[in-house]
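Using the hints, position chain B against chain A.
Top line first, the protein sequences correspond to chains A and B. Per the numbering used here, the very first residue in the first sequence carries number 1; after that it's consecutive. Per the numbering used here, the very first residue in the second sequence carries number 1; after that it's consecutive.
Derived by calculation from the structure, the hints in this document are not laboratory data. One should not assume that every hint holds.
[Stated by the list, open to error] Now the in silico label distances, taken between C-beta atoms and shown as ranges:
id, chain 1, residue 1, chain 2, residue 2, range
1, A, E23, B, E115, 38 to 44 Å
2, A, L115, B, R9, 31 to 37 Å
3, A, L115, B, E100, 16 to 22 Å
4, A, R95, B, S51, 39 to 45 Å
5, A, A44, B, E129, 48 to 54 Å
6, B, V17, A, G100, 30 to 36 Å
Virtual Cβ for every residue (Gly too), placed ideally from N, Cα, C.
Chain by chain, the residues run as shown.
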Amino acid sequence: MPINPELQGRVYAKTPSYLVGREKIREFSRAVFSTSPLNFDVEAARAAGYADVVAPPTFAIVLQQFTLQQLLDDDDAGIELSHVVHGQQQFTSARPIVAGDELTAVQTIASVKSLGGNSMITSESVIEDAAGEHVATTTSTLVVRGDS
Amino acid sequence: MTLTKQALRALSVGDVVAQREFAFTRDSLVRYAGASGDFNTIHYRDDIALSVGLDGVLAHGMLTMGAAVQPVVDWLGDPALIDDYQVRFTRPVYVPADGEAVVSVIAKIGQVDAEAGAARIDLVVTAAETTVLGKAQVRVHAA
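Bound-form chain A, shown alone (with noise of 0.2 Å):
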């Protein structure tokens, strides 16, 4: 099934909230191989003038990652997961993820291209505070496998 190209432009609806918590970012942070205190210690991540313990540079993946499972599970698009692979990704910061973070993201669909029997799709995800300030926007573009 082709990638439907009409999804371009397309703004999914506002993630509920996600509450950031310590012991996931010590879970994340031992998944990238952290070795940075910033990510485990509470008390390094106060002295350093955080709140509270600090995700590492790519955690905002995980709000992207529920932007994205919209994008899978919208039935207009055609897209399989399996047949899905990463073909580019960045993070701009405002500031870092630190656990009691009470984020939502917001996903547009910024461009459908076929090269090709692949799709890309490219889709852009803007993250926000429970105040509303911006705290990362995360662009992805996948690379949909064609079945030949």
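Coordinates of chain B only, in the frame set by chain A:
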């Protein structure tokens, strides 16, 4: 220690500021899947990876991207100094069922703007002697 404006002024293009090696195993992939919420089966099912035309199970690009920036975080001292981080996933990192894939990261200064107190750090990320991330750039500012 965080990167100061003074320290930034002393940097030149090509300076290696950090480097590290990571050993990815299937255990790393399962751990990353759980931590990130990315349960794409191509990261833990050999049969599915092969059926969609891959050579086997591959590491999440985001695991490689997430690990590759860690030496830079340690060097900077404060993740708040990172303004932007981008990569292209140019080649997959295949992870064998019974061994490890070693990913090597070298972080070099790509550009310095002493006036603005900003710099671009280019990451050279390789596995099996092949570059796996393209245009891997971290834009930072001094404290």
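Hints, one by one, checked against the model:
The given range of 38 to 44 Å is respected by A/E23 and B/E115, whose C-beta atoms sit roughly 42 Å from each other. Checked against the hint of 31 to 37 Å, the pair A/L115 and B/R9 fails, with Cβ atoms roughly 43 Å apart. Between A/L115 and B/E100 the beta carbon distance is about 33 Å. The supplied range of 16 to 22 Å is therefore violated. The beta-carbon spacing between A/R95 and B/S51, approximately 42 Å, falls within the hinted interval of 39 to 45 Å.
A beta carbon spacing of about 37 Å between A/A44 and B/E129 contradicts the range 48 to 54 Å that was offered as a hint. Between B/V17 and A/G100 the C-beta distance comes to about 31 Å, which sits within the given range of 30 to 36 Å.
Of the hints listed earlier, those the structure fails to meet are numbers 2, 3 and 5, in rising order.
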